[in-house]
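> From just these sequences and the hints, can you work out the full model?
Residue-level listing of the chains:
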Amino acid sequence: GAGVSQSPRYKVAKRGQDVALRCDPISGHVSLFWYQQALGQGPEFLTYFQNEAQLDKSGLPSDRFFAERPEGSVSTLKIQRTQQEDSAVYLCASSSPGSEGQLFYEQYFGPGTRLTVT
Amino acid sequence: AQKVTQAQTEISVVEKEDVTLDCVYETRDTTYYLFWYKQPPSGELVFLIRRNSFDEQNEISGRYSWNFQKSTSSFNFTITASQVVDSAVYFCALSLNTGFQKLVFGTGTRLLVSP
Numbered sequence: 016g017a018g019v020s021q022s023p024r025y026k027v028a029k030r031g032q033d034v035a036l037r038c039d040p041i042s043g044h045v046s047l048f049w050y051q052q053a054l055g056q057g058p059e060f061l062t063y064f065q066n067e068a069q070l071d072k073s074g075l076p077s078d079r080f081f082a083e084r085p086e087g088s089v090s091t092l093k094i095q096r097t098q099q100e101d102s103a104v105y106l107c108a109s110s111s112p113g114s115e116g117q118l119f120y121e122q123y124f125g126p127g128t129r130l131t132v133t
Numbered sequence: 836a837q838k839v840t841q842a843q844t845e846i847s848v849v850e851k852e853d854v855t856l857d858c859v860y861e862t863r864d865t866t867y868y869l870f871w872y873k874q875p876p877s878g879e880l881v882f883l884i885r886r887n888s889f890d891e892q893n894e895i896s897g898r899y900s901w902n903f904q905k906s907t908s909s910f911n912f913t914i915t916a917s918q919v920v921d922s923a924v925y926f927c928a929l930s931l932n933t934g935f936q937k938l939v940f941g942t943g944t945r946l947l948v949s950p
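Protein chains in written order, with my numbering: chain S, 16 to 133; chain U, 836 to 950.
Take the hints with a grain of salt, since some may be wrong.
Said to hold, decoys possible - Heads up, simulated BS3-like pairs for lysine-lysine below, C-alpha to C-alpha not over 30 Å straight-line:
1. Lys905(U) - Lys873(U)
2. Lys905(U) - Lys838(U)
3. Lys838(U) - Lys93(S)
4. Lys851(U) - Lys72(S)
5. Lys72(S) - Lys873(U)
6. Lys838(U) - Lys873(U)
7. Lys93(S) - Lys873(U)
8. Lys905(U) - Lys26(S)
9. Lys851(U) - Lys873(U)
10. Lys93(S) - Lys29(S)
11. Lys93(S) - Lys72(S)
Hints were generated in silico from the structure; no laboratory data involved. Owing to the predicted nature of the structure, the values given are computational and were not obtained by experimental measurement.
Quick look at the structure:
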């Protein structure tokens with residue numbers, strides 16, 4: 016089946032604009048993660064959903080960042096009043112419990128959205 | 836808190852050389868998972884290997900091998916007879932076996948393999 020898809024792949028925003036980044040997880044995957052990857056750095060956790068419930072948003076850098084997954088499938092990461100420091104690649108990953116007794120759930124990553132704030 | 840350190844920022848080798856990428860991790864938990872991911876220029880993270888903390892057996896997959904040593908908190912990755920297609924950024928990552936298993940990544944090592 017299809018992997019994780021993200022759109023747009025590239026986004027240029029002027030400082031102060033709002034942006035919305037979309038993630039389509041693998042069909043049936045319960046868990047969805049957002050990560051932020053600054054230039055030359057490793058991905059950093061932003062937030063986690065289990066179905067439609069946002070169970071952890073401890074990594075969101077400010078209250079300008081907001082994520083939702085209203086029907087437990089597609090997720091949107093919204094950034095309000097973008098700043099230059101928001102420039103990064105935003106990665107989405109999904110996973111799902113596997114067979115009974117499985118201890119680890121593999122995360123499958125999308126190609127990311129590269130956000131440039133000018 | 837968990838932390839992953841990849842001290843090598845960039846490594847350049849000539850094709851067919853062997854190369855080892857270092858990874859050192861920190862965690863107080865006894866149960867955890869370690870990973871290596873490859874990120875080619877296209878940007879998508881490609882899963883290479885997962886190892887749980889109870890399994891210190893080294894693993895070999897083709898030209899790739901991994902050396903896990905709990906005594907030194909290291910999980911090093913060796914590519915034998917490197918090829919140009921191996922050029923990418925490689926990330927080491929850690930997750931706990933509790934909660935939703937979020938990944939904590941290192942800063943990555945850029946590997947450049949020249950012909």
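> Output the indices of the hints that this structure fails to meet, ascending.
4 and 8
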